[in-house]
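Peer 1: These protein sequence lines are chains A and B, in that order. In this text, residue positions in the first sequence follow our numbering: the first is 1, and each later residue adds one. In this text, residue positions in the second sequence follow our numbering: the first is 1, and each later residue adds one.
Just so you know, these hints were derived from the structure itself, not from any lab. Just so you know, these numbers come straight off a predicted model, no measurement behind them. C-beta atoms are modelled at their ideal positions from N, C-alpha and C, and glycine is treated no differently. One or more hints might be untrue.
As the list claims (entries may be wrong) - Counterexamples of contact, computed for chain B against chain A with all Cβ distances above 12 Å:
| no. | residue |
| --- | --- |
| 1 | Cys193 |
| 2 | Ala388 |
| 3 | Asp423 |
| 4 | Asp490 |
As the list claims (entries may be wrong) - List time: in silico EDC-like cross-link candidates among lysine to aspartate or glutamate, alpha-carbon distance up to 16 Å:
| no. | chain 1 | residue 1 | chain 2 | residue 2 |
| --- | --- | --- | --- | --- |
| 5 | B | Lys128 | A | Asp456 |
| 6 | A | Lys514 | A | Asp456 |
| 7 | B | Lys236 | A | Asp391 |
| 8 | B | Lys390 | B | Glu566 |
| 9 | B | Lys236 | A | Glu108 |
| 10 | B | Lys519 | B | Asp423 |
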Amino acid sequence: MKNLLKYLKKYWFSALLAAGFMVAEVYVDLYQPRMMQRIVDEGILGVSSGGVSNLDLVVSTGVRMLLVVIAGGLCGIGSGLFANITGQNYGNDIRKACFEKIMHLSFEQTDRFSTGSLITRITNDVTQLQQLVMQMIRGFVRCLMFFVGGTAALVSLDLSFGAIVACAFPLILIDIIFVVWRTNPLFTVLQESLDRLNGVIQENVAGIRVVKAFVQEKREQERFGEANRQLVDTQFNVQVMLSFLRPVMNIVLNLAVVGILYVGSVQVRQGSVAPGMVMAAITYISQILNGMMMLAMIFQTLSRGMASARRLGEVLDTGAAIVRDGTLSPAADGQKGSVSFRGVCFAYAANGRNVLHDINLDIASGETLAIIGSTGCGKTTLVNLIPRFYDVTAGQVLVDGTDVRAWEPEALREKVTICLQKSELFSTTIRDNIALGRPDATQAEIEEAAKAAQADGFIRQQPQGYDTPVAERGMSLSGGQRQRVAIARALLKRGEILIFDDSTSALDLKTEAKLYEALSRSYADVTKIIIAQRIASVQNADRIVVLDGGTIAACGTHRELMAASPIYRDIYDSQLREEATA
Amino acid sequence: MSGSVQSRAAQQGFGRRGPNLGAPTEKPRAGRQTLRRLLGYFRPERKYVIYLAFSVVLAVSAGVIAPRLQSSVIDDLVARDFSAIPPLLGMMLCVYIINGIATLLQGFLSARLGQRVIFRLRAELFGKVINLPIPYLDNHSHGDLMSRMTNDAENVSNVISSSLSSLFSGVLTLVGTVIMMLSYSVRLTLLTCVTVVLSLIVTNVLSRLMRRYYLSRQVLLGQLNGIVEEKVSAGKTVAAYNLQEATIRDFAATSDALTRAGIIADVIGNAMGPLMNMINNLSFVIVAAFGAWFALRGMISVGVISAFIIYSKQFSRPINELAQLYGQIQTAVAGAERIFSVLDEESEDKSGDNALPVHEGIIEFKHVNFSYVPGKQVIYDFNLRVEAGKKIALVGSTGSGKTTVVNLLMRFYELDSGSITVDGVDIRDISCDVLRDAVGIVLQDSVLFTDTVRSNLKYADRTISDKKMIEAAESSNCDKVVAALPDGYDTVLTAAGASLSQGQRQLLTIGRAFLSYPKILILDEATSSVDTRTEKHIQNAMIKLMKDRTSLIIAHRLSTIRDADEIVVMEQGHIIETGTHEELLNRKGDYYRLYMTQFAGQET
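This is chain A alone, in the form it adopts within the complex (with noise of 0.2 Å):
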């Protein structure tokens, strides 16, 4: 939170040009009450000069006060300027800074977040907060100025007329406590319906292959009624509770101007006070009344707001997981591409439950190894550990025998190049996909890679080839498309160790055998670690790892492994019967 206002400093200067505008604005909106009753009482009804009127003071009192206005709305406009200012500028700045704090959380905190919530934090949240911000710096000096500047005219013109405005003050204070009391937490529960509603309509667009299949769109309407029903009554409630607030309102401000008139015909009567000050004093309580109406709305801004500046605070003050404070970057002669682990234990902060026990491997300079294991048994997140997406629990990640803590964190992504297991593209030109991690490439070195990836050749089918756009997060190609543009781009940027996440499923065998043919050729000198499912993906490998249960089970090649491992013969006779070996 504190971290909120900070941002704001900045722009201290334009804040309070915003709030002297205002005041002068408010001002001008307070002093014509007064001049109008000098119209009446001293022009049209002459009180001190003995019942006289005076043309020439209504004139001259009207010209002043047509400057005046003129005055105000110049000032108002100066106010929107300035507040703008600041709001927006503050927004942009935090923005900025919850997305560069995002962009270097680790996945662990990321997944913590989850996705949705961050791209909503910095989006509506940010927006939120901004309007907090200058709700804050013009709403509320401008209602301010109305109750305390209104007060002080009205208690000036007379005492009494003070004491009325006392009386409704607290009746008016009960309406907003009670109101805005009473539907703060409906707005959550609001929110929380709306999440709902959008929940079970994006699931039933992107599901609705299964829910046909299932014959289910009865249930499923059914699904939707009730997370409908149950928006429409929250907002229903939410509206009922506002809904109080300006009636009850009025009623206090309309028995206030009865009250004034009542005190004023006394007054009058009494000859204390002149008619035009009764009109002015009316006028002057329903300004002061209105400001506190919208301090009330401001208090809703301010609930909301505070939410917001809540959810952006917790990414703010999120600490690195992952200290990127490593600074050894790669010397000229150094030893290229070989990864060891020792020791290395991992768990995922959220469970605490170890992943990965003990693991021990030396993958050396040039090799080409295979890790295999069933659903879940820890492939992703070993591999996870070497670019450093996630940092180890215990144990130590080499690459190039140094760890991968000391490495400067761009230099080590430059060596690890990883293709993971859903292949991301972004929406831009295939050439641009590909190129993503050298965008200086030439269109040679492109398509060479492209052609190792088995690429080259649907990629010039599409309508524009290389330059054809990709929609919508790669939807516009299959999946065995994406994964080879996805390769094609691990290709293209040359790291020393290339690591495959189980990133040729979709890849029917003809493709990947001859995917891996090119990069056993063309690649030679790179470390590659394949995770795979298939024997055939893994089986020319120089060895194949046996991940089970997050412990390495057997190690070694295709042909020591059908020796010595009985998992990994179970897993080579689940994909291939005897008679076949036969």
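For chain A, the structure is supplied; the task is to place chain B on it using the hints.
Peer 2: Using the frame of chain A, we list chain B on its own:
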């Protein structure tokens, strides 16, 4: 009753498919028609509409009469006729209380009315979307559809619940106030109207300016959201390619541009308030100065000035509001238009005889031709007969049309020519519901729902006993997944099972298909993310389960399909080979080549 509205609206038959062709300025195309149709949704709520109108009339009349009373009090003050004041004050008190209560009622009724209408509109839209044919959902961005159901419905809801009653009361107040003002002084009324013209001009100029900048801001905001969405969800790729700093720079540049555009847009937008305030004050000046001048001539009384001050405020407020409402209503009508364009889509044709349950499960494809997009055929003269209880495997490279064949059997798409029969009956003559009930399918994407594991497994039929569910979970091997969850079968899968691994999700979807006890089972890459040993366990169970069931299996792994009674090898929409595993191996054709790549080097 809502049905009649719906059919009436459908009969009007406007706005066929209207895909969102940009249309950035939120201007409805057929505004009047859409508005009329939207108003049609109020028909069943006649009762509420009448009550609301009544309360608005009450509130407005009280609001218009009150200043008149106040003016009389001021005149009495000036005339020093103090005895007339207390009864007038008493009347004022009553009028104000009536006004307060009527306003309260108005708020309550408009909230109820709005929520009732929007509930129906949303339910109708959802009912439509869920019954849309699959090709529609293929061809339209899901994000766009989502935004219609959320943003657009929300906009319409806001306008319906808040703006409509303010619109009504605004117009009434305007009329009432003008009548009152005219009854006092025609001249002063005309002078006050000067400010109205002025405020209309200002509103018009400003909103035109605003629209331009708001548009550019909207575009930038879209870009920014795009960057966040894409780069945050693809965090690992960004990190793996060292793109963090470049992405941050990219984001900062867009964010700065957005801020610049935002400041300009909002400064103009925020100028509206002070300018309107200025115009209001101007009318105050006009009333005070000219009123005084008229009063001195004896044309009006001082009380009239007091009344005019209130009336001119009362008068300008609805005008400002109406100007704002106009924009809101336009946005809402544009939203409603997009909603209606979905509602006007043809629903999926599910027709067919309901009394034709599938008995044995003989599937026959006869000369089936199919293309998703006209001119780009994907299935060519596909002929295949699957005997009851047989297991057929579809094999082929990516894009060879395997999934399409399965989709056609589910009646997700209409054939170009040819026919598919189940037990000798054309599937077009079987109702979709009956057909799909008889077919269990496990899809490539493992879709789960945000609900308990139990509800997810019993998705096909909630009435299935827990005992049967546990049996099916055991035979599909997903009991191990469930056992690892904190609350077992009662664990609520958050975010549609995002916390589970791909393999775990596939196991659950397989369990779900088991529990639907289908006559025909389709597995489309159902086990691609399950490791082969687990898959083998599932297969063993499946063999048991598939005993009397016709099944179609699509897989890349030959190990998955080797046991099939017949293997169909597909290439670019054609069947190129069929036969059993052994037959095809002996033939040394395409299947043989596929097989050899899978186990290359194994003979040596």
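Peer 1: Does the claim that alanine 388 of chain B lies off the interface hold, with its Cβ farther than 12 Å from every Cβ of chain A?
Peer 2: Fine: 21 Å to the nearest Cβ keeps alanine 388 of chain B off the interface.
Peer 1: Going by Cβ atoms, does aspartate 490 of chain B stay more than 12 Å from chain A at every point?
Peer 2: holds (18 Å)
Peer 1: Taken at face value, is the distance from the CA of glutamate 108 of chain A to the CA of lysine 236 of chain B at most 16 Å?
Peer 2: Answer holds: lysine 236 of chain B to glutamate 108 of chain A is near 11 Å, not above 16 Å.
Peer 1: Beyond 12 Å from chain A, beta-carbon-wise, is aspartate 423 of chain B?
Peer 2: holds (18 Å)
Peer 1: Mind checking the alpha carbons of lysine 128 of chain B and aspartate 456 of chain A for me, to see if they're no more than 16 Å apart?
Peer 2: violated (42 Å)
Peer 1: Given the proposed pairing of lysine 519 of chain B with aspartate 423 of chain B, does the C-alpha separation stay at or below 16 Å?
Peer 2: holds (11 Å)
Peer 1: Evaluate the condition: distance from the CB of cysteine 193 of chain B to the nearest CB of chain A exceeds 12 Å.
Peer 2: holds (18 Å)
Peer 1: Between lysine 514 of chain A and aspartate 456 of chain A, does the CA-CA distance stay at or below 16 Å?
Peer 2: holds (13 Å)
Peer 1: Checking one constraint from the list: CA of lysine 236 of chain B to CA of aspartate 391 of chain A, max 16 Å. Satisfied?
Peer 2: holds (14 Å)
Peer 1: Would the pair lysine 390 of chain B and glutamate 566 of chain B pass a check requiring their Cα atoms to be no farther apart than 16 Å?
Peer 2: Given that 16 Å is the threshold and the Cα spacing comes to 8 Å, the pair holds.
Of the numbered hints stated above, the single one contradicted by the structure is hint 5.
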